[in-house]
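> The residues making up each chain are set out below.
There are 2 protein chains.
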Amino acid sequence: MKRIAVDMDGVLADVYSQFFNLHEQQTGYRKAPEEVVGKLEFEAFELGPQHVLSDGFFLNAPVMQDSQAILQKLNTLYEVYIVSAATEFPKSLAEKQAWLNQHFPFISWKQMVFCGSKNIIHADIMIDDHFKNLDHFTGKTTLLFSQPHNALQESGRHIRVDTWKDIAVQLL
Amino acid sequence: MKRIAVDMDGVLADVYSQFFNLHEQQTGYRKAPEEVVGKLEFEAFELGPQHVLSDGFFLNAPVMQDSQAILQKLNTLYEVYIVSAATEFPKSLAEKQAWLNQHFPFISWKQMVFCGSKNIIHADIMIDDHFKNLDHFTGKTTLLFSQPHNALQESGRHIRVDTWKDIAVQLL
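Sequences listed follow chains A and B, in order. At position 84 of the first sequence the residue is numbered 84 (this note's numbering), and the sequence of numbers has no breaks. If you want this note's numbering, it's the position in the second sequence, counting the first as 1, plus 172.
It should be emphasised that the hints constitute simulated quantities derived from the structure, not laboratory data. Every value quoted in this text rests on a predicted model; they were computed, and no experiment measured them. Glycine residues also receive a C-beta, built at the ideal position from the N, C-alpha and C atoms. One thing to keep in mind: the hints can contain errors.
Stated by the list, open to error - Which residues of chain A face chain B? A partial, calculated answer using Cβ under 7 Å:
1. Leu93
2. Ala94
3. His103
4. Phe106
5. Trp109
6. Lys110
7. Cys115
8. Ser117
Stated by the list, open to error - Calculated cross-link-like contacts (lysine-lysine; reagent style BS3-like; alpha-carbon spacing at most 25 Å):
9. Lys263/B / Lys174/B
10. Lys2/A / Lys211/B
11. Lys263/B / Lys91/A
12. Lys39/A / Lys110/A
13. Lys39/A / Lys282/B
14. Lys140/A / Lys73/A
15. Lys140/A / Lys211/B
16. Lys203/B / Lys282/B
17. Lys132/A / Lys337/B
18. Lys140/A / Lys263/B
19. Lys282/B / Lys91/A
20. Lys304/B / Lys211/B
21. Lys2/A / Lys312/B
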C-alpha cells in the first residue's frame, strides 16, 4: 500500500479565507485576490504573522471543497498521513489536531504528524502547496496544490492540481 | 550529515520517575523497581493512562541524566530531529514542545516532530526505548535505550545503550 503525506494548510484547510477575512475585520479593507497572487502568505498579508498566532485561526479554518469525501476514499486505498508544519506556532498544535478530529474523523491520531521541517518524512506521494516541501521530498510523486502564492510559478517536476477533484483524477 | 531521530519519553524525558511519583502520591504506595520490570508502562502502572492525561505530566518530567550535554554535541555533528509519539494524548503536544524549549533550547522548532506512528520517519539512526518503533525503522542504526519495560528482552539487531554516556560512545 503506497503512503501519501497530505499537507494541511492550503491543501485541507483554507487558510487564505482566514487571512482575507481577518485582514478585513481588522482594517476594514478586503484585499482583492490579484493583490496576493505570487506572494508568500506573509508577504501578501502583512498582518498574517499576528493572525496565525491568534486563538481560533487554525481551529476555524474552512475545509477545502471536496477534500473530506476524496480523502476518505484515499484513506481506504493508501496509507494516509496528514503532515503539517506546526511547531513554528506551538499554539497551533492543539487547534490543528482538534480541527482534524472534527472534520476528518476517519483520520486517527496514528496518522497525524506535526513537524517543522518535512525533510524527515518518508512516503511515496506528497500533496503540498509549497515548493520548499515538495522539492526536498524523496518519494516518487509530488502534487502541487494550487494556491495564490504558487500560482505564477511553473510546477516543474511536480504535478499541479487545482482542486481536490484533480487529486481524485490523479490518485483514485 | 547523518540524520538521527531521537525519542523523547524514556530517552530524553524520565517518564518513569513521573509514573513512580504520581502513583505514590495517589495511593500512598511506592512501587519497587522490580515490580515494573518487563512490563509495558501501562501494564506496570495501572493508573498510568490517567496520569499521562493530567496537567504537567510531560511538562514536569525530569531530564535524563547527561542527555543535555551529549545531545548538544550530537546536534553539531548530525542532523538531529526529536521525534515523539504525542498525538495519542493531544494535551501533551504543547507540554512537550514547552519542555523541549526549556531543557533543550538548542533544538529549534524545525527539528521537532510530534506524531502517532513513527513508520513515516526517514533517518539514518534512531534512538528509542520501544521495539515497535525501532523494528519498523528503515535506517541503518538503531539504539535501544534501556528502560524497565524492555529490560528483559534481547536487543536483537538493535544496539542496547543504558545511559546517554553509552550513546556518546556509539555516536561521538
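> Confirm or reject each hint.
Here is how each hint holds up against the structure:
{"no.": "1", "hint": "Leu93", "verdict": "holds, 4 Å"}
{"no.": "2", "hint": "Ala94", "verdict": "holds, 6 Å"}
{"no.": "3", "hint": "His103", "verdict": "violated, 15 Å"}
{"no.": "4", "hint": "Phe106", "verdict": "violated, 14 Å"}
{"no.": "5", "hint": "Trp109", "verdict": "holds, 4 Å"}
{"no.": "6", "hint": "Lys110", "verdict": "holds, 4 Å"}
{"no.": "7", "hint": "Cys115", "verdict": "holds, 4 Å"}
{"no.": "8", "hint": "Ser117", "verdict": "holds, 5 Å"}
{"no.": "9", "hint": "Lys263/B / Lys174/B", "verdict": "violated, 32 Å"}
{"no.": "10", "hint": "Lys2/A / Lys211/B", "verdict": "violated, 34 Å"}
{"no.": "11", "hint": "Lys263/B / Lys91/A", "verdict": "holds, 11 Å"}
{"no.": "12", "hint": "Lys39/A / Lys110/A", "verdict": "violated, 34 Å"}
{"no.": "13", "hint": "Lys39/A / Lys282/B", "verdict": "holds, 23 Å"}
{"no.": "14", "hint": "Lys140/A / Lys73/A", "verdict": "holds, 21 Å"}
{"no.": "15", "hint": "Lys140/A / Lys211/B", "verdict": "violated, 41 Å"}
{"no.": "16", "hint": "Lys203/B / Lys282/B", "verdict": "violated, 39 Å"}
{"no.": "17", "hint": "Lys132/A / Lys337/B", "verdict": "violated, 37 Å"}
{"no.": "18", "hint": "Lys140/A / Lys263/B", "verdict": "violated, 35 Å"}
{"no.": "19", "hint": "Lys282/B / Lys91/A", "verdict": "holds, 15 Å"}
{"no.": "20", "hint": "Lys304/B / Lys211/B", "verdict": "holds, 14 Å"}
{"no.": "21", "hint": "Lys2/A / Lys312/B", "verdict": "holds, 22 Å"}
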